[in-house]
Amino acid sequence: MVTSVELDREVTIYTTHSHDYMALQNAWAKVAGNHSAGEDIVIGVVDTGIYPDHPSFAATDGVKPYGPHPTFKGVCRTDPRVPNGFCNGKIVGAQVFFESSKASGIVNATDPDVNSPLDGNGHGTHCAGTAAGNYGVPVVVNGANYGLASGTAPRARLAVYKALASDGKGRSSDLIAAVDQAVADGVHVLSLSLGPNAANVGSVTFTDTFEIACLGALKAGVYVVHAAGNTGPGTSTISSWSPWLTSVGASTMDRTYPNRLYTGDGKTVSGQGLAPPTPGTQNYPLIRAVDAKLTSTSFVNTDFDCADPTVLNKKQIQGKILVCMWNGVPSFMGESGTLSRVAAQAMGAVGVVLVTMQTYDEPHSPSTFDFQDFPGISIWGAKAMESFVTYLQTANAPTGRIGGGTTAEYTGLPPVVAPFSSRGPDFYYGLDQPSATDQPVADVLKPTIVAPGVDIWSAWSPLSTSDKLSIFKGEKFCMISGTSMATPHMAGVAALVRQAHPDWTPSMIASALATTAIPLDSLDNPLIAYDEDLDQFGQKIKQIKRPGNAFDFGGGFVDAATAIDPGLVFDATYGDYIKFLCTIKDLTPALVKAVTSQDCPANPGLASDLNLPSITIGTLAKTRVVPRMVKNVGPLETYTAVINSKNADVDITVDPPTFTIAPGATQLITFTLKAVKNAVYVNQTSFGRIYLTGNLGHVVKIPVSVTYRQV
Numbered sequence: 001m002v003t004s005v006e007l008d009r010e011v012t013i014y015t016t017h018s019h020d021y022m023a024l025q026n027a028w029a030k031v032a033g034n035h036s037a038g039e040d041i042v043i044g045v046v047d048t049g050i051y052p053d054h055p056s057f058a059a060t061d062g063v064k065p066y067g068p069h070p071t072f073k074g075v076c077r078t079d080p081r082v083p084n085g086f087c088n089g090k091i092v093g094a095q096v097f098f099e100s101s102k103a104s105g106i107v108n109a110t111d112p113d114v115n116s117p118l119d120g121n122g123h124g125t126h127c128a129g130t131a132a133g134n135y136g137v138p139v140v141v142n143g144a145n146y147g148l149a150s151g152t153a154p155r156a157r158l159a160v161y162k163a164l165a166s167d168g169k170g171r172s173s174d175l176i177a178a179v180d181q182a183v184a185d186g187v188h189v190l191s192l193s194l195g196p197n198a199a200n201v202g203s204v205t206f207t208d209t210f211e212i213a214c215l216g217a218l219k220a221g222v223y224v225v226h227a228a229g230n231t232g233p234g235t236s237t238i239s240s241w242s243p244w245l246t247s248v249g250a251s252t253m254d255r256t257y258p259n260r261l262y263t264g265d266g267k268t269v270s271g272q273g274l275a276p277p278t279p280g281t282q283n284y285p286l287i288r289a290v291d292a293k294l295t296s297t298s299f300v301n302t303d304f305d306c307a308d309p310t311v312l313n314k315k316q317i318q319g320k321i322l323v324c325m326w327n328g329v330p331s332f333m334g335e336s337g338t339l340s341r342v343a344a345q346a347m348g349a350v351g352v353v354l355v356t357m358q359t360y361d362e363p364h365s366p367s368t369f370d371f372q373d374f375p376g377i378s379i380w381g382a383k384a385m386e387s388f389v390t391y392l393q394t395a396n397a398p399t400g401r402i403g404g405g406t407t408a409e410y411t412g413l414p415p416v417v418a419p420f421s422s423r424g425p426d427f428y429y430g431l432d433q434p435s436a437t438d439q440p441v442a443d444v445l446k447p448t449i450v451a452p453g454v455d456i457w458s459a460w461s462p463l464s465t466s467d468k469l470s471i472f473k474g475e476k477f478c479m480i481s482g483t484s485m486a487t488p489h490m491a492g493v494a495a496l497v498r499q500a501h502p503d504w505t506p507s508m509i510a511s512a513l514a515t516t517a518i519p520l521d522s523l524d525n526p527l528i529a530y531d532e533d534l535d536q537f538g539q540k541i542k543q544i545k546r547p548g549n550a551f552d553f554g555g556g557f558v559d560a561a562t563a564i565d566p567g568l569v570f571d572a573t574y575g576d577y578i579k580f581l582c583t584i585k586d587l588t589p590a591l592v593k594a595v596t597s598q599d600c601p602a603n604p605g606l607a608s609d610l611n612l613p614s615i616t617i618g619t620l621a622k623t624r625v626v627p628r629m630v631k632n633v634g635p636l637e638t639y640t641a642v643i644n645s646k647n648a649d650v651d652i653t654v655d656p657p658t659f660t661i662a663p664g665a666t667q668l669i670t671f672t673l674k675a676v677k678n679a680v681y682v683n684q685t686s687f688g689r690i691y692l693t694g695n696l697g698h699v700v701k702i703p704v705s706v707t708y709r710q711v
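Each residue of the sequence shown is one higher than the last, beginning at 1 in this note's numbering.
By construction, these hints were calculated from the structure, which means they are not laboratory data.
Ideal placement from N, C-alpha and C gives every residue a C-beta, glycine not left out.
Just to be clear, a hint being listed does not mean it is correct.
20 Å max Cα-Cα, derived PhoX-like pairs, lysine-lysine [what the hints assert, rightly or not]: (1) K542 / K169; (2) K267 / K315; (3) K293 / K314; (4) K102 / K169; (5) K219 / K73; (6) K267 / K293; (7) K267 / K383; (8) K542 / K383; (9) K593 / K383; (10) K219 / K468; (11) K631 / K674; (12) K622 / K545.
For each label pair, taking beta carbons as the anchor points, the in silico distance ranges come out as [unchecked claim]: (13) V642 / G474: 49 to 59 Å; (14) Q345 / T110: 54 to 64 Å; (15) V63 / A395: 55 to 65 Å; (16) Y410 / P663: 32 to 42 Å; (17) A109 / P663: 52 to 62 Å; (18) R546 / N197: 55 to 65 Å; (19) T411 / G143: 43 to 53 Å; (20) Y410 / Q598: 44 to 54 Å.
Please model the complete structure; the sequences and the hints are all you need to start from.
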């Protein structure tokens, strides 16, 4: 039966230390250790396929082999290029979904890429390895060993649903078919590192066909984790909207790969670059690209002088270290590191230095790692940049050597929300050009949570044809960044929670993850978020750091071990989500029934009544009463509500302020939020947090975000 009609859109794809950084050993210990973590949980990965002949997906983890799965019903496609097959016990399903793309002529129906689960991109393999790769697999790239990789749930099984081609693109209808099949096959967790980059203009976000397919997955008992998107840090850039989705943002870790440039005046310039040193111990002449330009040419990109090596004089550069200057907007996502390396190699240079002529104090990934197999360093700090540029301009014959940056260092710093990670607030209606005041803000907190998503090592397909990651061509591991990388971390954590509590609903799992997340650093300050200063025309001036809030990181940074024992959880049924849809003003009961086949109740209540582990009110004019029902999944315990809000424009009361709850029992809690009318706060959001603190040590954290608007 056709339930709704929607434009078939294009969708796209959006580890070693990350598991130490997440303290996964503590979580694994709660499920019988790393060689049992995730046992028999099936994680479905809808993506670009998988490269099965990989140690991360071997039929044994080195301790015990994988036998047949007792309940999973999926099938495995075949491919003559994969003589041993795709499935081996670790991988339990491998299917392909391109029927819509074939019918529309977007892809060649006879192309092997769209008829096989084999991964010609690498993205799907990377996500699968992050979620459930085998424990303790050596990461070797270009002959260098970068440690041991492990999936977040290393004993979980993998079911692969290829719906994106080797170019990383596909159609939403094929994606939905893959989700539906995964549910029918019996996956426990769905990891979705893909989706549209923006909402459909003129449509309610929650009724997007993909979002509704995920609601169907929840109805079937499948927990769905979805990438928040990579279009941050702007307001309401989130592209994962519905409350039944765990929308994952990306954070940094504390690992760096520092590199150093030793200059001829005896100084050391700090930078980064996952690259080997220049040959030997001698210095080499340094030459700026601007000084090696052919006289009859001009730079194509005035912000980046190494964008086109054809305008450079090879005779002047050969045997020297090429210095490239980047002076564009503060973003390296244009692959400037790769372009610098390509230019230097084409000109016969022995190394390359990429200097960022901007005033920010942190590097942008992935430029740090674009040199890889060629001596290179990026210099981005203001002091380092000024020191090096001064030397170049004043020395008669500047020289230097690159020290090499393949050894990791660990700072111990807390996570920072990545600059590309999409932000809230969530919205329920797609506008063509929304502004801060007319965006229809939803009573749903997005993103839900953040996890490591910057510079993540994981499995890779040596068949990858990705131009952006050509430095990893032929390799079996790759380091990349994105909310796509954060998402399978969360899928793996969800698998651990599901393993520990097989009777929990998807909403209970989501609650456990959200209310135990870490929103503060060790000094009780909010986690930091990258942002951008804009000029009067909305153009980026520089990158900055600022204290983050719930629209940056949701509940906070994932805490896997605590999520297994959260104390209290907030549950919501499929019917509760239907009632939620019925509260949206742009959705009539007829439209809700068209997309869900369910009738709206006579009185669905308010959107903020949905039993979420957070409180978000997009428009608070006077007073809002917000009910929440908690269930005790721990021992008999007494909880006391503590309100943490530094803003004086919203008063919060909790009833009851203290309660004792037995194992398995439920407790209704009423939160009353009252706006303190102050014109200063019109259309501004206040953030706070409510702690339900148990006398046995459980702490349930409820993020609160309220926007006061005059109505």
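Do the hints match the structure? See the list:
{"no.": "1", "hint": "K542 / K169", "verdict": "violated, 31 Å"}
{"no.": "2", "hint": "K267 / K315", "verdict": "violated, 28 Å"}
{"no.": "3", "hint": "K293 / K314", "verdict": "holds, 9 Å"}
{"no.": "4", "hint": "K102 / K169", "verdict": "holds, 13 Å"}
{"no.": "5", "hint": "K219 / K73", "verdict": "holds, 18 Å"}
{"no.": "6", "hint": "K267 / K293", "verdict": "violated, 28 Å"}
{"no.": "7", "hint": "K267 / K383", "verdict": "holds, 13 Å"}
{"no.": "8", "hint": "K542 / K383", "verdict": "holds, 16 Å"}
{"no.": "9", "hint": "K593 / K383", "verdict": "violated, 61 Å"}
{"no.": "10", "hint": "K219 / K468", "verdict": "violated, 38 Å"}
{"no.": "11", "hint": "K631 / K674", "verdict": "violated, 26 Å"}
{"no.": "12", "hint": "K622 / K545", "verdict": "violated, 33 Å"}
{"no.": "13", "hint": "V642 / G474: 49 to 59 Å", "verdict": "holds, 55 Å"}
{"no.": "14", "hint": "Q345 / T110: 54 to 64 Å", "verdict": "violated, 37 Å"}
{"no.": "15", "hint": "V63 / A395: 55 to 65 Å", "verdict": "holds, 58 Å"}
{"no.": "16", "hint": "Y410 / P663: 32 to 42 Å", "verdict": "holds, 40 Å"}
{"no.": "17", "hint": "A109 / P663: 52 to 62 Å", "verdict": "holds, 57 Å"}
{"no.": "18", "hint": "R546 / N197: 55 to 65 Å", "verdict": "violated, 25 Å"}
{"no.": "19", "hint": "T411 / G143: 43 to 53 Å", "verdict": "violated, 27 Å"}
{"no.": "20", "hint": "Y410 / Q598: 44 to 54 Å", "verdict": "holds, 50 Å"}
When the structure is compared with the earlier hints, violations turn up for hints 1, 2, 6, 9, 10, 11, 12, 14, 18 and 19 and for no others.
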